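J.: Note that the protein sequences, when read in sequence, are chains E and X.
Residues in the first sequence are numbered from 0 upward in steps of one, following numbering that gives the first Met the number 0.
Residues in the second sequence are numbered from 0 upward in steps of one, following numbering that gives the first Met the number 0.
Quick caveat, the hints were computed from the structure, so don't treat them as lab data.
A few of these clues could be false.
Since the list gives no way to pick one copy over another, a pair counts as held whenever it fits inside one copy or between any two copies.
Unchecked claim - Below, a list of computed lysine-lysine pairs in the DSBU-like style, where the Cα atoms sit at most 35 Å apart:
#1 Lys-150 / Lys-116
#2 Lys-116 / Lys-127
#3 Lys-21 / Lys-116
#4 Lys-28 / Lys-150
#5 Lys-116 / Lys-28
#6 Lys-21 / Lys-34
Values in this document were obtained by computation on a predicted structure and should not be read as measured data.
Each chain, written out:
2 protein chains.
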Amino acid sequence: MILHNFFRSSTSTRLRAALNLKGLEYEYKAYSLVKGEADSPDYLRLNPQGLVPSLELDDGTVLTQSLAIMEWLDEQHPEPPLLPADPLARARVRALGHAVGLEIHPLNNLRVLTYLKRRHGFDDAMVKTWFTHWVEATFAPLEQMLGGHPKTGDFCHGDSPGFADCCIYAQVWNNRRFDVDMAPYPTINRIFANCDALDAFARAAPMAQPDALT
Amino acid sequence: MILHNFFRSSTSTRLRAALNLKGLEYEYKAYSLVKGEADSPDYLRLNPQGLVPSLELDDGTVLTQSLAIMEWLDEQHPEPPLLPADPLARARVRALGHAVGLEIHPLNNLRVLTYLKRRHGFDDAMVKTWFTHWVEATFAPLEQMLGGHPKTGDFCHGDSPGFADCCIYAQVWNNRRFDVDMAPYPTINRIFANCDALDAFARAAPMAQPDALT
Chain E
0 MILHNFFRSS
10 TSTRLRAALN
20 LKGLEYEYKA
30 YSLVKGEADS
40 PDYLRLNPQG
50 LVPSLELDDG
60 TVLTQSLAIM
70 EWLDEQHPEP
80 PLLPADPLAR
90 ARVRALGHAV
100 GLEIHPLNNL
110 RVLTYLKRRH
120 GFDDAMVKTW
130 FTHWVEATFA
140 PLEQMLGGHP
150 KTGDFCHGDS
160 PGFADCCIYA
170 QVWNNRRFDV
180 DMAPYPTINR
190 IFANCDALDA
200 FARAAPMAQP
210 DALT
Chain X
0 MILHNFFRSS
10 TSTRLRAALN
20 LKGLEYEYKA
30 YSLVKGEADS
40 PDYLRLNPQG
50 LVPSLELDDG
60 TVLTQSLAIM
70 EWLDEQHPEP
80 PLLPADPLAR
90 ARVRALGHAV
100 GLEIHPLNNL
110 RVLTYLKRRH
120 GFDDAMVKTW
130 FTHWVEATFA
140 PLEQMLGGHP
150 KTGDFCHGDS
160 PGFADCCIYA
170 QVWNNRRFDV
180 DMAPYPTINR
190 IFANCDALDA
200 FARAAPMAQP
210 DALT
């Protein structure tokens, strides 16, 4: 498998964590989003959306959309599971992951921030305010949904990491780039720390990638 | 079941279509997002994110996040399926739905447009340009991913409607509010028309809801 991705992309980070949790090996192929490398004709042939990550399978099939790939991973490589077995528990874990994946990341990814700068003249301070606003709008209820729920354990659901933890882990790394105040989110911080103590997550972190800082 | 939703919300529309495809009955409870009714303390107790839709089950369990609810529906009520059986086909259908659900809707929903107006002084023309930009950024590759794929049939994947069709159907309704030019998307238009010809979709359409225009 070839993982087409970018060290700092949080959708890439969440997928790397999922691949690592499954114990799957992959060839790492980097695309600098800052340099627009995911907009190249070669990459657009793999993924017409021009987004990372994409996962290229050994038969040449290309999977896109990180959350869809994580679902595929869980179906094709069931152990260890990213989603619990119980249907209502699965719905809870997906909803927690989707809160991050649908309500924060799409608003705060590089192409949106770049559009706000180029088209609407946002300066760095305005970008930081925008980024922080959408993190807070979701992390506040997410903290409540995690902190107040009996199923929350060392991780989002029980004591094993999974789908939602991958999403949160990647988002917290992203938050650090914009110095988001994490003090209001003790449960999220605890889960992040528990993830980061695991090799599967630490190896997925942005700064652990070969293209970091290039 | 009680569906907490809003007629014009495209996440609500996609979930209504999925519920109708499954042949499931639900009590309709409307929350005017324009009036901020999803921010009421009563609703926030059901869904701390203050977003619609939420699906309240008969035992009081509340499910949130439309795509997560659709996955739960498909697990609990397998027939007719929203996702195909083959793992790679499932990955394709999820990716098509996520292209809409993650790359368009989160940028174009009411709370984001309201924030752009209030915080950044966007007027109606600027909002329309913003909305249209993010539709085009995804609909152009989506048209390519659908039009050029051998599995695309009357619907996104074969000749039965499912997960991705629900997402596209809802988005096209949303586009109409902003007069998005749909001429470049013949495959998407064909799929929308095929959906709209089905009772399950037509009954899910925004203007078919009891709170429409209120």
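J.: Would you mind marking each hint as holding or not holding in the structure?
T.: Taking the hints in turn, this is what the structure says about them:
For the identical chains of this complex, Lys-150 and Lys-116 are neighbours neither inside a copy (41 Å) nor across copies (39 Å), given an alpha-carbon limit of 35 Å. Taking the shortest Cα distances, Lys-116 and Lys-127 sit within 35 Å of each other both inside one copy (11 Å) and across copies (18 Å). For the identical chains of this complex, Lys-21 and Lys-116 are neighbours neither inside a copy (38 Å) nor across copies (44 Å), given an alpha-carbon limit of 35 Å. Taking the shortest alpha-carbon separations for Lys-28 and Lys-150, only the inter-copy value of 28 Å comes in at or below 35 Å, while the best intra-copy value is 37 Å.
For a Cα distance limit of 35 Å, the shortest separation of Lys-116 from Lys-28 inside one copy, 28 Å, qualifies, whereas the shortest one across copies, 40 Å, does not. For a Cα distance limit of 35 Å, the shortest separation of Lys-21 from Lys-34 inside one copy, 31 Å, qualifies, whereas the shortest one across copies, 45 Å, does not.
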